[in-house]
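There are 2 protein chains.
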Amino acid sequence: MNVSIITVGDELLIGQVVDTNSAWMGQKLNELGFPLIEILSVSDQNEAIIEALNREFEKSDIILMTGGLGPTKDDVTKKAIADFFKVDMVFHEETYERILKMFGRRNIPFLESHKHQCNMPTNAKILNNDLGTAPGMWFELDGKILVSMPGVPFEMKHLMETRVMPEMKQRYQGPPILHLTIRTCGLGESMIADKIKEIEDNLPEGVKLAYLPDIAQVRLRYSISGKPQQEMESILQDLKQRTVNILGEAIYGYGEPELEEVIGQLLIHHNKKLITCESCTGGYLSHRITAIPGSSVYFLGSFVSYAYDFKTDVLNVRKETLETYGAVSEETVKEMIQGGLSKTGADIAISISGIAGPDGGTPDKPVGTVWIAVGNQHKIVAKKYLFTKDRMRNIQYSATYALIMLREFLMDQK
Amino acid sequence: MNVSIITVGDELLIGQVVDTNSAWMGQKLNELGFPLIEILSVSDQNEAIIEALNREFEKSDIILMTGGLGPTKDDVTKKAIADFFKVDMVFHEETYERILKMFGRRNIPFLESHKHQCNMPTNAKILNNDLGTAPGMWFELDGKILVSMPGVPFEMKHLMETRVMPEMKQRYQGPPILHLTIRTCGLGESMIADKIKEIEDNLPEGVKLAYLPDIAQVRLRYSISGKPQQEMESILQDLKQRTVNILGEAIYGYGEPELEEVIGQLLIHHNKKLITCESCTGGYLSHRITAIPGSSVYFLGSFVSYAYDFKTDVLNVRKETLETYGAVSEETVKEMIQGGLSKTGADIAISISGIAGPDGGTPDKPVGTVWIAVGNQHKIVAKKYLFTKDRMRNIQYSATYALIMLREFLMDQK
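First to last, the protein sequences are chains P and Y. All residue numbers for the first sequence refer to the numbering used here, where the first residue is 1 and numbers rise by one. All residue numbers for the second sequence refer to the numbering used here, where the first residue is 415 and numbers rise by one.
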């Protein structure tokens, strides 16, 4: 049961929109055991869509398609699908009434362009979309399936979760694939590859290993299929143990939970309240921490002290410290910790001060120089880093290394 | 001169990595006037890569390929390219020495796996990569071109900018395409489509219009080609004027600058210093503002008052206010403004307090309820919003509407 994804839209080809839908669908298909063999993005032109459908139907049994269903004129997917199946379009009364009702509830005027959205290929089975105007459509031909969904991510996800995946699951039971994702931080991809070379050179039959590097993090993913469930589980368990023996504390977790979530659990475990005192990261660290639902249990807040005066007036960093050592210095990040702790009831604080760039660098402290500290009332650990020349990457590196340092600090507390 | 992009990697198909490279390359190709006709993502398997090359070479003159060049075992692109061209691999001495030198400078141990990266198909012209170990490769056959680059975004961008695009520009001069991007905020896609229906129904020959919706923002993009430069410019100028006449203040800018950048310019123009007082957005608004280089000129910092005590102890929100009206209320966001202004020397403050979800909603204040205020010493404007049920979208909507309110506040100041 091979699957292909087709995403439709000039906005993808001219790079005004990043295709996040495919990655999400890929993840879900993978969990269900449906092999996604390729992702194809094409222009919103009739011939391009029809050619893509022809091509992918040759290779796959199921095509998931997104985009081109909006109310505006550049959305041409439906017509192309009708042409592909050689059927006409028909006005779909139910969809019309659903949109009317939805708009009535929300007090939105019904526009002529929405009427256009009610025209459907005659062979479409309509998948109601509770979150938007354009419904999904399900087509079948010669035992193959085409599903067309809106490109708006949350509408596509909603349709996938409530309609498409349940139907796929019910109809086909793919061969089971098991995955084990091991999450590491602070080591590079090559370094890890070198350390686990012996494991990788002698992978058991049917096992694949993938490296998924990110900013200061690498995920290792072992995948196995083609054997009885119990045997596969035991092989993965063995690989896990051997990997843990080698990589040790660089491993912060397994599977889905992100670093910030694992740290949240650690803070809950130690019953500690956290505060952050940011400068060059500008609130990004705090954003990462609060992206986790329930973070209010352990996170009190953040001081984003972008200006000098904010550092002195709010965080009580001494003027002499800033004048003598500069804002990007061990002394300053340490005083930021003390200020953050004393202004709130927090148990632990993180502070970050650096030169994100592109300007502000000096020969002494080039762009990418960042001081990070973690501490409590008794102890402060500070480290200096030299990251990159790119502003956004420096912000991301700083936040991730701050989390890594916090994790080490918490683990030392046991 | 058609172009195709092929991205290689199981990590794309199993959804562990979002393909941001293609959007970036698409943008650059579009600026240069090279039509990108499709993007294809395939598995890192020999046959899949070779088949993709065969297919895309049928349709395109230039193939840009990323991924599968890393030092680890799952990176198989080079071998597949060699098989496709029916050539052998050869050890590339120069690359070996470049990596040795690079590692020496950075004090990184040279690993066996890096040696593997020095094997290249014999017909490859090597494109030195100053930012990483894997070089790019340039191939030619029967007047067609294949460029293979690492999948690490900043390495790919570096190679594109310093080697690939200059060569492409020099060799081929595509037909000029002109674009006009009009940026709007606060209006939905359908609403805009309805308002500019007459323009859209009567687009001059050779003009295309695309809608690019985002959270509380829509970009309109007029594209034109196939006419003399001056005529195209005058057509776009006319379309711009007519669109401005209809959409008015919903338009905040043109071309590249993001909303937060335009607001930065407004703050500089009015010579005002900004502070933000966030709760449910957890630092995301501050992050958006500080993502802009040079924002330290007008941005003093942010109080991320996640906990009740932070609101009372640091921002001086009164306990009675929180007890009587709740943290998500007009009264609280107004007091947050006053606290933020009095604690710093800021001229203008934004405050946000809401229920991001998934928990914390009540019948009275369901998930997605957000109060936002903007104000100075003399005047505070507060509004209540009801966004969605999704945590991250609520955070994004809140930050964008806060920026929209700030823009309105600043424009009223003129």
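To be clear, the hints were calculated from the coordinates, so they are not data collected in a lab. A quick note: this is a predicted structure, and the numbers were derived from the prediction, not measured. Just to be clear, a hint being listed does not mean it is correct.
[To be verified] One side only, chain P facing chain Y, incomplete, derived with CB under 7 Å: (1) GLY132; (2) GLY283; (3) TYR306.
[Unchecked claim] Over the 12 Å line for every Cβ pair with chain Y, so calculated as not near, a few chain P residues: (4) ARG55; (5) TYR254; (6) CYS280; (7) LYS383.
[To be verified] With a straight-line cut-off of 30 Å between C-alpha atoms, the simulated DSSO-like cross-links for lysine-lysine are: (8) Y/LYS611 with P/LYS79; (9) Y/LYS686 with Y/LYS571; (10) P/LYS197 with Y/LYS529; (11) P/LYS273 with Y/LYS733; (12) P/LYS197 with P/LYS208; (13) Y/LYS611 with P/LYS115; (14) P/LYS227 with P/LYS273; (15) Y/LYS733 with Y/LYS748; (16) Y/LYS473 with P/LYS197; (17) Y/LYS803 with P/LYS157; (18) P/LYS227 with P/LYS28; (19) P/LYS240 with P/LYS28; (20) P/LYS169 with P/LYS157; (21) P/LYS384 with Y/LYS473; (22) Y/LYS473 with P/LYS59; (23) P/LYS343 with Y/LYS793; (24) P/LYS115 with Y/LYS473; (25) Y/LYS442 with P/LYS334; (26) P/LYS195 with Y/LYS515; (27) P/LYS59 with P/LYS101; (28) Y/LYS539 with P/LYS115; (29) P/LYS86 with P/LYS169; (30) Y/LYS515 with P/LYS101; (31) P/LYS319 with P/LYS240; (32) Y/LYS500 with Y/LYS611; (33) Y/LYS757 with Y/LYS797; (34) P/LYS273 with Y/LYS654; (35) P/LYS365 with Y/LYS687; (36) Y/LYS622 with Y/LYS793; (37) Y/LYS515 with Y/LYS473; (38) P/LYS389 with Y/LYS571; (39) Y/LYS797 with P/LYS101; (40) Y/LYS473 with P/LYS144.
Even for Gly, the Cβ is constructed at its ideal location relative to N, Cα and C.
Hints violated by the structure (numbers, ascending): Failing hints, ascending: 1, 4, 6, 9, 14, 16, 21, 24, 25, 27, 28, 30, 31, 32, 34, 36, 37.
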